[in-house]
Structure formats: structure tokens, C-alpha cells
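Put the two chains together into one complex; each comes in its own frame, and the hints tell you how they fit.
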Amino acid sequence: MSNHLISIDDLGAEGLTELLDLSDYFLEVSGRRIPKVPVLRGKTIAWLFWEDSTRTRLSFETAAKRLSADTLNFNVSSSSVKKGESLRDTVETIGAMGIDGIVVRHASAGVPRQISQWTDAAIVNAGDGWHEHPTQALLDCYTIRQERGSLAGLRIALVGDIKHSRVARSNVKAFAALGAEVTLVAPPTLLPPTLDGWPVKVTQDMDEACAHADVVYLLRMQLERQEESLIPSLREYTSRFGLTSARARALNPRTLVMHPGPMNRGVEIAGDVPDLANAVVTNQVANGVVTRMAVLYQLLGSGAGLVPELEVERV
Amino acid sequence: MSDLVIKGGTVVDATGSRTADVAIAAGRIVAVGDDLSGDRTLDAGGCFVTPGLVDLHAHLRQPGNEEAETVESASRAAVLGGFTAVLAMPNTTPAIDSASVVREVQTLGEASLCDIEVAGTITVGRNGEQLSPMGEMADLGVKVFTDNGQGLQDDRLMRRAMEYAGGLGVTLAQHPENESLSEGGHMHEGAMSSVLGIPGIPAEAEELMVMRDVTLCRLTGAKVHFQHLSTAGSIGIVSAAKNSGLSITAEIAPHHFTLTDRCVESYDSLYKVNPPLRTAQDVAAVRLALADSVVDAITSDHAPHEPHLKELPFDEAPCGMIGLETALALAMTELDMDIGALLALLSWQPAAIAGIEHCHGGPIAPGRPANIAVIDPAATWVVSGREMASRSSNTPYEGRELTGRVRHTIVHGEPMVIDGEAQR
Numbered sequence: 089m090s091n092h093l094i095s096i097d098d099l100g101a102e103g104l105t106e107l108l109d110l111s112d113y114f115l116e117v118s119g120r121r122i123p124k125v126p127v128l129r130g131k132t133i134a135w136l137f138w139e140d141s142t143r144t145r146l147s148f149e150t151a152a153k154r155l156s157a158d159t160l161n162f163n164v165s166s167s168s169v170k171k172g173e174s175l176r177d178t179v180e181t182i183g184a185m186g187i188d189g190i191v192v193r194h195a196s197a198g199v200p201r202q203i204s205q206w207t208d209a210a211i212v213n214a215g216d217g218w219h220e221h222p223t224q225a226l227l228d229c230y231t232i233r234q235e236r237g238s239l240a241g242l243r244i245a246l247v248g249d250i251k252h253s254r255v256a257r258s259n260v261k262a263f264a265a266l267g268a269e270v271t272l273v274a275p276p277t278l279l280p281p282t283l284d285g286w287p288v289k290v291t292q293d294m295d296e297a298c299a300h301a302d303v304v305y306l307l308r309m310q311l312e313r314q315e316e317s318l319i320p321s322l323r324e325y326t327s328r329f330g331l332t333s334a335r336a337r338a339l340n341p342r343t344l345v346m347h348p349g350p351m352n353r354g355v356e357i358a359g360d361v362p363d364l365a366n367a368v369v370t371n372q373v374a375n376g377v378v379t380r381m382a383v384l385y386q387l388l389g390s391g392a393g394l395v396p397e398l399e400v401e402r403v
Numbered sequence: 003m004s005d006l007v008i009k010g011g012t013v014v015d016a017t018g019s020r021t022a023d024v025a026i027a028a029g030r031i032v033a034v035g036d037d038l039s040g041d042r043t044l045d046a047g048g049c050f051v052t053p054g055l056v057d058l059h060a061h062l063r064q065p066g067n068e069e070a071e072t073v074e075s076a077s078r079a080a081v082l083g084g085f086t087a088v089l090a091m092p093n094t095t096p097a098i099d100s101a102s103v104v105r106e107v108q109t110l111g112e113a114s115l116c117d118i119e120v121a122g123t124i125t126v127g128r129n130g131e132q133l134s135p136m137g138e139m140a141d142l143g144v145k146v147f148t149d150n151g152q153g154l155q156d157d158r159l160m161r162r163a164m165e166y167a168g169g170l171g172v173t174l175a176q177h178p179e180n181e182s183l184s185e186g187g188h189m190h191e192g193a194m195s196s197v198l199g200i201p202g203i204p205a206e207a208e209e210l211m212v213m214r215d216v217t218l219c220r221l222t223g224a225k226v227h228f229q230h231l232s233t234a235g236s237i238g239i240v241s242a243a244k245n246s247g248l249s250i251t252a253e254i255a256p257h258h259f260t261l262t263d264r265c266v267e268s269y270d271s272l273y274k275v276n277p278p279l280r281t282a283q284d285v286a287a288v289r290l291a292l293a294d295s296v297v298d299a300i301t302s303d304h305a306p307h308e309p310h311l312k313e314l315p316f317d318e319a320p321c322g323m324i325g326l327e328t329a330l331a332l333a334m335t336e337l338d339m340d341i342g343a344l345l346a347l348l349s350w351q352p353a354a355i356a357g358i359e360h361c362h363g364g365p366i367a368p369g370r371p372a373n374i375a376v377i378d379p380a381a382t383w384v385v386s387g388r389e390m391a392s393r394s395s396n397t398p399y400e401g402r403e404l405t406g407r408v409r410h411t412i413v414h415g416e417p418m419v420i421d422g423e424a425q426r
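Top to bottom, those sequences are chains F and Z. Sequential numbering of the first sequence, starting at 89, is according to my numbering. Sequential numbering of the second sequence, starting at 3, is according to my numbering.
Pulled out of the complex, with its shape left as it was, chain Z reads as follows (with noise of 0.2 Å):
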């Protein structure tokens, strides 16, 4: 007899999909089948039942900005969004740069609603200038380290630090974007930049770090990691990158395949955000990346901010919008894809890069770890940032109405979500 069965579902994992029930107890899935029961039932008629997602960048502001986010409210959100496993950026007060940080936020997360990974910089307080002890992080579970919220400047250091990396087996996620080409920038620049007189950050900003990257990653052979690519450029890179062999894998985030610059036209800072929103052919660039594998995961960049940073003029406003509540949904509305290459972005793919593979991302099977979302294809709902368990509320996509939402969501056998309403 098991704890729990999810039952009446559609299983949908990177094998495939099938009807059948679930059958979790202490915390792994016993058996996958028809008429399994329990001691508890969660309904899934309707529902596809997939691995739970994975966040390969979601900045979680704890420690240090715990009025606009704390781990505990960030797992909240990333449950109801259908996210089992969270990584933590180290952009935070202090920077996760050190053994004692990552424990500190290690520890929040145990205590937190999902699994939070974390990652840890790559340099010194994000400094640019000096490694982070990158193997006593390591040695605490750390499989993932980034400067994020800003790019690596220095050529020869960022050499170092993939060579030091390949040592540890740790991969680096680059935030790509060449500060002398985007400082003083705001938005994209463009037409609109041009007509709204805000300083722009030129595509090439991004594109000039990825293709150094690539070309440093040939010359070490790190694992490298672009986050949150904006540009057709960028994917033309490392589209062309992947296919000679390289040990690279790149993410997106979904207001670069749903917004354009068009949306700075209202000077609203909802919209501003790094790197930018792009153009609508960036756009359609993203999306074509998404659908034919060119990139490997979608990423919320959930990028909480307390209400009035956003009331501050568009170029001293702080970049970035909440993400983790709507990624799924946005994917499932505005992406013409099917749910197992939708999956594959949001679940397995992200927890092979984060190294979480073991536990995340599936299959549906005995004996695995019961991290699990159910979702229901069919569900609209509206958008509210206030309604949101985030502790901020800067969602760029008020009032929107989605398509596809959590109804549970199960963390290690325990149901965290049910029906929609987070358990705690």
C-alpha cells in the first residue's frame, strides 16, 4: 500500500507518454499502472503527470533583500509554478562566494517548500578580478557557478576560471554581456531606443561575450553555460558551436519569447529588465531556437523587486520581473509546442545541466525520487502580481490570461501544491 497515487493522468516523461496512475510512498514513486491506490488520492483526470521542473536561474534574494524575496517565499512560488528544484544565483548580500554562504542558503533551503540548489560565484563578491574558492563550494554540492547579474570583463581570468572549472567538473554559466559595448544602456537598442531617447544596450553587447566564450571553450573544453540568450545573433552562435562538439548549453527566459521593445514605449519599468527585450525578430529567432533544440532550457530569471524600485525613473529602476508562477504557463500558451518538448526544456534538460539529474527531471518510474508536477493542459487563469506568493509582485504580464496551470505539485513524495493551493 502506498502513501499517495496520483491517478487518472497522462504521464508524460522523456520516454514518452502513457495513461497511468502513480504510486509514491516514502518519498519515491513505487509503481506506475492502472488501478493503483493509496492512502491518499490526487486526482489528475485531464492532467499530464511529468517530473517536476527545474529553475536553472531564479535569483531568490536572500540573503540580504529579504523584503523582496526570501528562499522560503521563492519555493512557494517556484511549487505553484510546478518546480521541484530551484538554483539559487549568488547574487546576493553577501554574494554566495564562499563555503560559509553556500551553507547559510543550503540551510534556508531545507526548510524551503522545493529542493534549492545552489549556485556560487565565480568570482570574488562578483568582483571580476579574483577566482572564488570554487572547490570548497564544490565540496558542499555546488555544481554550477556564475557571476549572474553581470558577465565575466577579463579575457585571461575567464580562461582561468573554465580551466579551473574543468578541474572540479563544475560547469560556468555565463550572464553574457560585454560592459564596455552596454554601459550607460537601458533597453535595446534600436528604433525604440532611438525614438524613446533611452540609452540603448546594442545586441552585439551580448553576442561579442558569447562568442568569446565559445571561442575559450574550445580552447579548454569547460562546460559552459549561456543564460538567458536574447538575440538571433547569440543563437546563430551557438547554434553553430553546439554543432561542432562543444560542451555547451544555453537557456531562455520566457519574457524573451513573449515581449518585444515595443512594450518600453510606456517608460513602465515592469519592462526593463537584462538583457533586454529585444526586437520581434529576436523573438522569433528565440522561438525557433526553443522548437528546434537549439537552446536546452527555459529559465523563469524570476527577478523579484520591492514595488518602488519600479516607481524610479526607467534608467535608475532595477533590471528584472518575477518569473516563477507564470514560466510554465507562458511556455504552454505562447509556444506552439508539444508538452514533451515543452517538458524536455523545463524538466530533464535543465536538471542534466544543474547536475540534478539523479533526482529531478525523471522518468515517471519506480524507485525514482517522487518530484512531480500535474498539470492541467486546459486551465486559463489571469495573471495578478498581488495574488502571487512571490513576496514582490513586478510581473510584466498583468491581467494576461494564460493557458496551463500546476494543479499539484509533489517535493520528495510530499504534496506541496494541491488543487492550485500551496500546502504551506
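Only chain F is shown next, with the shape it has when bound in the complex (with noise of 0.2 Å):
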């Protein structure tokens, strides 16, 4: 693994288990009477949210409380940052603060690999434009291995704004990667211009895709795809593609139904479906905190020799 998580490239299959396997550790410290251990201990991790985002940022943050690392936000949504600022600047006086990791949002895909040039701080993507959103992939497959076992040779259905998602372009790599069959659900128009040399397949077919799928992952639809002529109208689009109640019912019983959150209830997915008991959405959201976790302290953390000094620390 690189000194940045920008990328699911900068994983790989290996680097992928590797994160998986840690986040198991990470989980059983959150399941303890006293959820914290000082591996981050004398650590300092900003928040560049250039972005608004309250559930991934609180995430993080519970991470790297429990890791013992000091935060600090640069609240830039309201300081002086805003569009036409150099990044760099912005970059350049945190790093003058002596910061170890930042973990970076914006609007504009790309940024976090821009500042990485310009620090030599870690930097964790928590999302770039239509990029990638890589902790959300991470968390995504360890659900679905913490529900599974394995992704190897799952049938995983991505349903929806492929096109406009971050978490769709790192969750494919990152399905893939660890063996799984993805299968994109979307209108054309929702698609990326194309898809070559994407290990995925294709359908426009929601029943048919939900009648092979191991997992259905929705993702949100937002209602200016519909205003920029996306699609015809939200009501047509859940008809197509939302996981209606109809369509829940009909899944295999242990089909997994995710979402990366905030739901749109009734549009992606309908009112009653997330309260199944094959919805794992707020599953999804307790390993968002360990995931990340493993993602910051391998980052940021000794590294080497994790699993022993994790035990010593627990004395």
C-alpha cells in the first residue's frame, strides 16, 4: 500500500484483504467496554472537507478517536476556501502545522491525487467528484464478507446513477477485484460515456438482475437527473429500477440489500425495504468506523508488526 488512499487501484486484491483482515481486529477493540486504543497516540489527522458530508466525516472521526489520534478540522466550507483558492495554498499552511494524515472531500474528482504532490502528509480520499469514494468500497466488502464469507463468485447487482457515483466507480474496481461478478443496472443515461475495459456487464432489467444477484446495491438517485433530462421522471425511474416493495419480496432470502446512504426512501428503494432483515444498510454504517480505522492505522500507524503490538497495547 502507497503512503495515500486515493484510489482502489492503490489497493489492489492483496492490499484489499489485507485492510479486510485488520478491520476484523478493529471491530473486536470497537466491541470492548472501552473502545479505544493509543495506536494513533501523538497523531495528528485533519478534515479538508471541502465537501459537506456529516456521515462519512463522523465516521472518521470516531475512528480516529478510537485510535487515540488528535483531529482537528480545517472547516473550509466556511473559511476563507472557497472556489478560485489554490489548492496548494490550502495544502501548504496545513502542512506547515505539521499534520501526519488528511483525510480529503471535494467536489472535483482528482484533488486528493493534486495534493498529495504538495504535502508529505498521508492522504485518505473520502470521496472526489464522480471519482472515487474508496472507504466506502472498503466498507461495503467487508459487509458483505462479515454477511458471506467471501465475495469470491458473488453476483453483485449496482443499481442506478453509475455515471454521477463515486462509490460506484471504487466499489466496481473493488468487487472485481476481490472476485465478485458485478452487474451495473442504470439507463444509458446513467452510465459512464463508456464502459471499456470495465469488468463489469450490463442490463437495464431490474427483475432480472435482482433474480441472480447475491447482493442488490442500490445507489441514491438525486432528483436534478431528472431535471437535466436524465431520466423522465423519478416515478418512471422507480418503476424501472428502484427496489420496490414487490421486488424485495420476490429476492432470494439471503440476497443482501445495501446502500451507501442517505436513502432516498421511495425513490431507490422503497419505504418498508431497508427494515428487511437481508437489509444491511446500518451494517454498512457500524463498519464504516472499523474499515476506516484499519485504513488509518496502516496509514499512519508503526505498520509493522500489527497484530503483536495490538495485543500488547490491549494489556
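Just so you know, the hints here were simulated from the structure itself, not pulled from any lab data. Take these hints with a grain of salt, some might be off.
What the hints assert, rightly or not - Covered by chain Z, according to a simulated footprint, are these stretches of chain F (three or more residues, beta-carbon under 8 Å):
1) 198-204
2) 210-221
3) 280-286
Unchecked claim - If the Cβ cut is set under 7 Å, some of the chain F residues that face chain Z in the computed set are:
4) Ser174
5) Leu175
6) Arg176
We treat Cβ as the ideally placed atom computed from N, Cα and C, and that holds for glycine.
What follows is the structure in C-alpha cells.
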């Protein structure tokens, strides 16, 4: 693993598996009465969120605190940073404070990669435009592995707005790297301009996809897509691509239903579906903390001799 | 006795090539032949002695953005790149859309190192709504009009502009881009944009406007020039239109025959340009169009930007790259064409499109104005943004070794570059 986590490409199958294994240890830590270990004591992590995010930031913040890191929030959306300020100026300012890690979210694809050239701090991509959201993919893989033991050979239907989705771009890479068969279910207007080289199948038939899927993964559908004429209406989208109550009831009971949140109940997912036994949406959120602990530990911790070190520190 | 003799080079112009000395006096060529002598001699051994290059497309940024470039600094970059005349694009602040701004840039040009020709806008403020006073600008010598930086979207207004320009005998240069297809895009739409998650600009956005303007050219008979063609489809459309006898010309920028959309993988906005870097297939089509004379000119599309603007997120960064000092060397290094064919694209053909063939683009013959480049085809050099004369350094070729360098540049008889050094 490189010094940063910007793309799932930085990990490959081996790096992914390593982080998932590591997450098991942090799951155990998270279950303790005092769910905190001192492995990142003295390390400082800055949140650099140009784009608003409550969930992802809280998840990272919880992870960092359980690892005993100091955290600070560079509150970019309300600070002097605004459209037009050089990324380099912002990042060099933070760098001058001696920060060890920067967790970055930005509405523009590529910003984590761009800023990595101007700082020695480890960069964690918490979502960049339509590009990637690698820790989301990690927590999704972890959740599937927890339920099904492995991703190898699983059929995963990834449904919805693939084109504008950083979650989809990271998940396609991660799912495929771990041996799953990925099918994209979306109208052509919500697919990237070309899927050349993507390890996926594509279908427009949600019922067919659901019938064969081990996992149905729904992406958030945004109202703007209707205004941009990418879909005729949310109603038509829901009827053709939504996980309606009827489609959910027809699923194999073992088929997992997943969603990265926040959900538009009644659009991509019927209101009662998240409460079904095979819907693992809240597990995803819980696993977000442990997988992010693994990422922060691996990038900022001593790295070598992980397991013994953790065992010692438990004493 | 002449003022200056360029000695020992191979003279190359539209009439062919021969070994000869070139003698200059009072700003003009006075003799071309063997064993000429003068007060001062410039050695051209092993070099081509050619008509000065003519750039149909450079953003000089003055007035309005003098931090990025001035007419003077751009002209220094130009002569170092072998250009003796540059057509200044009108997307300045204010835009060159009236006689007074034309005069301002012409005055700045008179104090610069090469000839500065001024392009005017087609519409007031480049707003795409109302025709600029092309007549009053034409009276001051403006021969090319363009809203460059953007295409003129409105079909009816473009028709009117063509009709009106036809009456003035001037050329309309179009930046072909249909904005309803390109809007929101920041790189070529294709496999790379799909992976990188950057909104794309489809090739068809360019091709649709090329098609429209070919159609309107047929209707109006205007002289139409297409700027920076970047797609195989555009080239096909232009080729067919030229074969049908329409008065159409077209240019190619060096980045469209040297770089592809793969460069954007780094998210480095040095590679952000409009039209965007396209695919390897497009680059191959562009190279073929240059070799087969389907297009008429290579232009720099010199677009300086202050460094901090290229440190913005990719989708917020401005488009463009500097190019005056690298255009010739990139053509010599990357294109497998003989020097005469390259110079046609870089000198006499663009001179004719700009309407300055009386003064630039050769031939190297007694009586002609002495606008001359002396090019060493064997010299190699390494591109360095910092070392170039432009006030900006946004080159995508940093560190690249190129073959072919300008040794001397003579503008109206005055050596502005000697042995690769600007003289002022």
C-alpha cells in the first residue's frame, strides 16, 4: 500500500484483503467496554472537507478517536477557502502545522491526487467528485464478507446512477478485485460514456438482475437527474430501477440489500425495504468505523508487526 | 553593401530550397546568392533560412491580464519560437470589439519584437448576441474576426456575421464548440473521462459546429477558418467541404498532434485545454491531415495562465497552455514531414489566411521585407517553463527533449534573436 489511499487502484486485491483482515481486529476493539486503543497517540489528522458531509466525517472522526489520534477540522466550507483559492496554498498551510494525515473530500475529481504532491502527510480520499470513495468500497466489501464469508463468485447488482457516482467507481474496482461478478443496472443516460475496460456486465432489466443477485446495491438517485433529462421522471425511474416492495419480497432471502446512504426512501428503495432482515444498511454504517480505523492505522501507525503490537497494547 | 548577411544556410521557401546567402538592407532582402557580404554577418551553417513563421492563434492577454502575459513578453516568446508575426486573439479584458481597443493593441504591438496583427471579435463583448463593428475595425487593418475562447452559438447570427464579413472581405475564424453538448465538460468524453470521473466534452460538440459552419459557408460564400481542430470527425468534414470548393481553411495546435487524453490521468490541469486532448485515433487523424495538406496551418494556441490558476481543482482550472516557443520544435520533432511542408503550415499558408502575405511568409527574394527565421534542425534542447520568455510557464512539455531550434529571427531586417538569445 502506498502512503495514501486515493483510489482502490492503490490497494489491489492483496491490499484490500489486508485491510479487511485488519478491520477484524478493530471490530473486536470496537466491541470492548472502552473501545479505544492508543496506536495513533501523538498523531494528528486534519479533516479537509470542501464538500459537506456529516456521515463520512463522523465515521472518520469516530475511527480516529478510537485510535487515540488528535483531530482537527479545517473547516473549509465556512473558512476563507472558496472556489478559486489555490489547493496548494491550503494544503501547504496545513502541512506547515505538522499534520500526519489529511482526510479530504472535494466536489472535484482528482483533488486528493493533486494535493498529494504538495504535502508529506498521508492523504485519505473521502470522496472526490464522481471519481472515487475508496473507504466506502472497503466498508461495503467488509459488510459483504461479514455476511457471506467472501466476495469470490458472488453476483452483485449495482443499481442506479453509476455515471455520477464515486461510490460506484470504487465499488466496481473493489468488488471485481475480490472476485465478485458485477452487473450494472441503469438506463444508458446514467452510465459513464463508455464502459470499455470495466469488469462489468450491464443490463436494463432490474427484475432479471434481482433474480440472480447475491447482493443488490442501490445508489442514491438525485432529483437533479430528472431536471437534466437523464431520466423522464423519478416515478419512471422507481418503477424500472427501484427496489420496490414487490421486487424486495421476490428476492432470495439471502440476497443482501445495501445502500451507501443517505437513502431516498420511495425512490431507489421502497420505504419498508431497509427494515427487512436481509437489508444491511446499518451494518454498513457500523463497519464504516472499523474499516476506517484500519485505513488510518495502516497509513499512520507503525505499520509493521501489527497484531503483536495491538495485543500488547490491549494489556 | 548591405546591413546584414545571413551566411551559409539553406534557403527554404515556397519556391523550393537552395544553398545561398541572404543580404538585407533597410529592412528588406536585397540579394540572395553566393558569397554576399555586409556590415554584419549571422552564421547559418547547417541551418534552414526561411520566411519568418506566422502564428494565427495566440492569446497575448493584454489588455486585462498583464500578470499572465503582455504583448511585449509574448512577442519575445514569439521571436524565440521563430515567429515574425502573431495574430492576437481578441478575448482580452476588455475584448477587442471596437476600434479603440484595436488601436490600443496595435500601439502595444508597435513597441514589441515582432509584428502583431489584431483579430477582432465577431460579437460585442463576445456575448454571442450582437455583431461587433467589424467595419470600423477592418478600416484599421483587422482582417480576421473571431469570438475565440468560445464558438458563436446562434445559427442566425452566425449566418449574418458571414454575410456581413463577406462584404468586408474579411475572414471569420470559428472556435467550433456546440455548448449545449459541451457544457459542464472538462476533458474529452471517452474511456478516460469515464474512469477519471471528470465530466466529458464529446467530439461531436466540435463536429456539429464545424458541420453547421460548412453549411452556412455554402449559403453565404464567406471565408471561414476553423481554429484548433481536434477530432478525426472534424477533419473528415473539413476535408469534404474543401474538396467541394468552399473557401474554408483550418488549423491544428501542437498539443493535438502530440498529447492524448491519457495525459489527464494525473489530474494535472496543465493538460486542460479547449478543445480537450483527444484520443490516440484522433491524434493519428490530425497527423495525417497535416501530412496530406487537409489542414492549412499549425498554430500555437499560446494560452498563458498564472501558475496558481493551474493549481486549482481540474474542473475549476482555466483551459490552455503556452506554445509560442515550442510549436516549431514539436512539429519538427514529432511530425515526419520535410521542412518545406512544415514551413507551409507554419509560415506562408498562415500568412495568406491572416492576409499579410505581402509582408510575411516569403519568398526569400530581393525586395521582400526581411522577416526571416534561421532554424537549426539538429539542435536539441529541453523544455523548461521557467526559462521561457513567456511571463507564464504553463507548458505540458516540461522536461521533454525536442529537436530543432530557432537560431536567429530577423524582423523587418532587425535581428531580434541571435544564437537563441532575444536581443531585447
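Evaluated hints:
no. : hint    : in the structure
1   : 198-204 : holds (count 4)
2   : 210-221 : holds (count 5)
3   : 280-286 : holds (count 7)
4   : Ser174  : 4 Å, holds
5   : Leu175  : 6 Å, holds
6   : Arg176  : 4 Å, holds
In the structure shown, no violation is registered for any of the earlier numbered hints.
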